[in-house]
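Please work from the sequences and hints to get the whole structure.
These protein sequences, in sequence, are chains E and F. The opening residue of the first sequence carries number 291 in this note's numbering; numbering runs sequentially from there. The opening residue of the second sequence carries number 143 in this note's numbering; numbering runs sequentially from there.
None of these hints come from the bench; they were simulated from the model. Here a beta-carbon is modelled for each residue, glycine too, at the ideal position from N, C-alpha and C. It is possible that some hints are incorrect.
Said to hold, decoys possible - Cβ-Cβ distance ranges computed for the label pairs, FRET-style:
| hint | chain 1 | residue 1 | chain 2 | residue 2 | range |
| --- | --- | --- | --- | --- | --- |
| 1 | F | Leu430 | E | Thr612 | 55 to 65 angstroms |
| 2 | F | Asp249 | E | Gln497 | 55 to 65 angstroms |
| 3 | F | Leu707 | E | Arg449 | 24 to 34 angstroms |
| 4 | E | Phe323 | F | Ser684 | 56 to 66 angstroms |
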Amino acid sequence: MRNRLRLPRQPAPAAIVLAAGVAIELAGVTKSFGGPRAVDELSLQVAEGELLVLLGPSGCGKTTSMRSIAGLETPDAGSIAVGGRMVFDAYRRIDVPANRRNVGLVFQSYAIWPHLTVFDNVAFPLRVRHLPRAEMKRRVHEILALFDLDGLADRGASRLSGGQMQRVALARSVVMEPRALLLDEPLSNLDAKLRDRLRIELRLIQQQLGITSIYVTHDQTEALALADRVAVMRGGKIVQLDTPVAVYSRPRTRFVADFVGDSNLLAATVVGAERDRVRVRLNGTQIELDAAGKAPPQESTWVCIRPEHLEAGEGANVLRTTVKVALFMGDHVAYELAAEGGPTLRMVVGQTYAPLAPGSPLTVHVAPERVLLVVDE
Amino acid sequence: MSTSSVALRPFWLTGPRVQRYLFSGAILAALGYLIVYPIGMLVYASVVDVPPRPGEPIGHLTGHNFAPLFAGGNLQAIGNSVVIGVAGTALALAIGCALAWLTARTDMPARWLGQVSAIVPLFLSPFVGALAWSFLAGPRVGYLNVFLQGMGAPFGLNVFSLGGLVFVLGLYHAPYAYLFVSSALTLINPELEEAGKAHGATGWQVARRITFPLVRPALLGAATLTLVLIIENFPIPEVLGTTGGVLTVPVQIFRLMEMYPSNPNEASAFGVVLLLFLSLLLFAQARLLRGRDFATVTGKGFRPRQLKLGKWRWVAFAFVLLYLVGAVLLPLWALAMRALSKFGYFLNSRSFVDFGNMTFKNFSDTLSYSTFTDALRNTVFVAVATAVFGGALHYLIAHVVHRTRLPGRRVMEYVTMAPIAIPGVVIGLGYLWAWIRLPWPPLFGSLWIFVLAYSARLAPFGFRTMSATIGQLHHELEESARVCGAGRVRTVRSITLPLLRPGVVSMLLLLFIMSFHELSVSIFLYTPNTQVVTVVLYQAWSDGNTARVAVISLVTSGLLLLVALVGRRWLKFREA
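Okay, structure coming up:
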């Protein structure tokens, strides 16, 4: 089962543990295409049945990581285990080819074979595994029914809508009962409405089948909505790996705060600290804010305030502002505010009363525990 | 699953280091055998003082072979080649661009006829075209001249002249310019032109400031390729120029081999010079065009804007018709006339419809002429073998270059594309020197030497066509078969090839047809027992047996048109 790899022996990096309950494990995976490292000593564990989202801007290495797990890229170093089986290890020169890893992959383009029918597309993984005919038919029909595709079995794959193609791709990936399912921006080619519906469907089916999944996307809304855990990637490394709630409410770095969700990011300097309170001054202004938590190691830091955490009225951390622009968005109003002697801030107000006119003065405040201090990495 | 999949274990391509290198090495060895070794032998023959024939000594290094190239008849041949190349290219471009623009961008009537007219001359080989035009416009007795005299015209046509050569070369190379330019024209996003209109430009300003600059890279590409093809063309100058005393470089190379005493080393040196010149030309073009291929940036097909021609529609239509008549219909008519004629000449215009003057005897004579029927059988064999084996190699190389990361794939690409700069006569000469001396494998004197030489000569065409086809296939279609559990071979068999079938079939057909036309390589490689149709046709022409020339031309052209007709739904042309 193992092919020898064309790599020189090298010192063993972070080792794979093959722990119980871990379905996918990466240790020290590194890959470059002749330039800087696309994936840089990536280590990661995905639990059995978990849906992990790799989130990041294009070129952050998320797709390369995923393709390495599928066996479509050969990493330069590191090791990968799927379902308790070592599928890649640069040190021990193991490289199980893609077709024998039994990992499902839904491509961004769906890669539905246009010369085959829906049935034949879905049956392909079973055919190449030489399943008995009757059994193959039974399983394909089962899966087609699960994905609401039974009516389309004999339709040529070139005559499908985007949503149908997406489902065929998914059905084809799970029919072989893969040890893991990888999804490469599977919703990015669909229009917004369809995307919302399929997102829910996808999550339902994933939970129903209990299939360990890695989902790659650059869309933070999708990541937060679908994930059990989110791994935010940048420059081939994972910057933060946490639950969606934690990533959103406690971003570790300025990059994460900026990439996940909307935020006011302001450079600041620590001017004082008590036990669980830090006082910072926004750079270039006289504005001082209290933040909950421990003092960061450096004096200069970044402050992240989510637009929905600014509230009108007096309170702790008061800011005097003037309305620059107000946009009525239906379920909320988005403001752009000019703080006195300071920066421009964005604020979102949930109620749908009429927006304030430009030029109106507005006093806002933000609770100290909502003032997030993030490092600039 | 793991037990059943062991049987599918791919041992190649993904395999360990040794297998990867072995596989690459095998392809590179094949290319070395097909292309590098013969050209190497040619270069060797150009710098020694004895021909590399069996029984000759190894010889001494010398530069003397290059000295006579720039004097006397050789120098004149160089001059002729330059003049004919430039003028012929200009004519071919003018015709090709006009056809491309009319069919792609105007409301000319019967645009399909324009497309057909631009393609069909490719099936009538330039060789046959030249022979037919020698019947049509030979001085005094040419059929057109008979008509002109009948009408009392004070002048006559003479195709055996510099002008005649340029005319026929331009006529039969216009399709290449057409293919280049028309694909560029249909790839331009019409919104780019509409934006010009919206910003206040007139139709003419849009054409001059937007459309033309966008197709300029394609135009330059077409010009270079046409120039290369015209300069390396052997059959047309051989047929028309020899009679008229207008020799070109490829003809001169052939003469140096044919005359008594022959001068193989000088011929080889001339071949090397021609090869270097064409390489330089293509290199300059590649440098000029680097990163400027904007016409194909989008790669999508668009429904292009159409210019309303108004009353000029019929002028445009007449132009298309004129081209079809000049390149296809008149030549076929001339060949038919000569093939049916008892005596082979026509006194006046009435004698063309004098049925008493006609006979089928020429057909029955030639069709029972065993040299021809043997050659036809040989040609079919060679053309099929070239399409199958050559095509398989071209496909394999395109696949390795575009779909794998095997070592040496850049070198493969360069070597495969090299023959675009190698004139047919140079390949022929190289193959002659490469295999005439070796007792084993006994290629010389077998039909397989043609298969190898044609596969080498057509490699750039096959490789480019296959690359374009493979490029249209999203790599994820193949990768998804891999993650679904299919091995490399299974993936190619059940996904890649079925999806590429139209492209592959089209390429096989074109390889078959081009092999059928091949003369400039074959003329060096045939033996009395291994003749191909073009060689028999050539001999009939040099023997002055015009009836046989006409019949062979008609029969082979008819055969190929039939093949094209049957395979037309697969035939896809692109600039190659």
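Evaluation of the provided hints:
At roughly 58 angstroms, the beta carbons of Leu430(F) and Thr612(E) sit within the given window of 55 to 65 angstroms. The hinted range of 55 to 65 angstroms is satisfied by Asp249(F) and Gln497(E), whose Cβ atoms lie roughly 59 angstroms apart. For Leu707(F) and Arg449(E), the Cβ-Cβ distance of about 30 angstroms falls inside the hinted range of 24 to 34 angstroms, so the restraint holds. A hinted range of 56 to 66 angstroms for the beta carbons of Phe323(E) and Ser684(F) is consistent with their spacing of about 58 angstroms.
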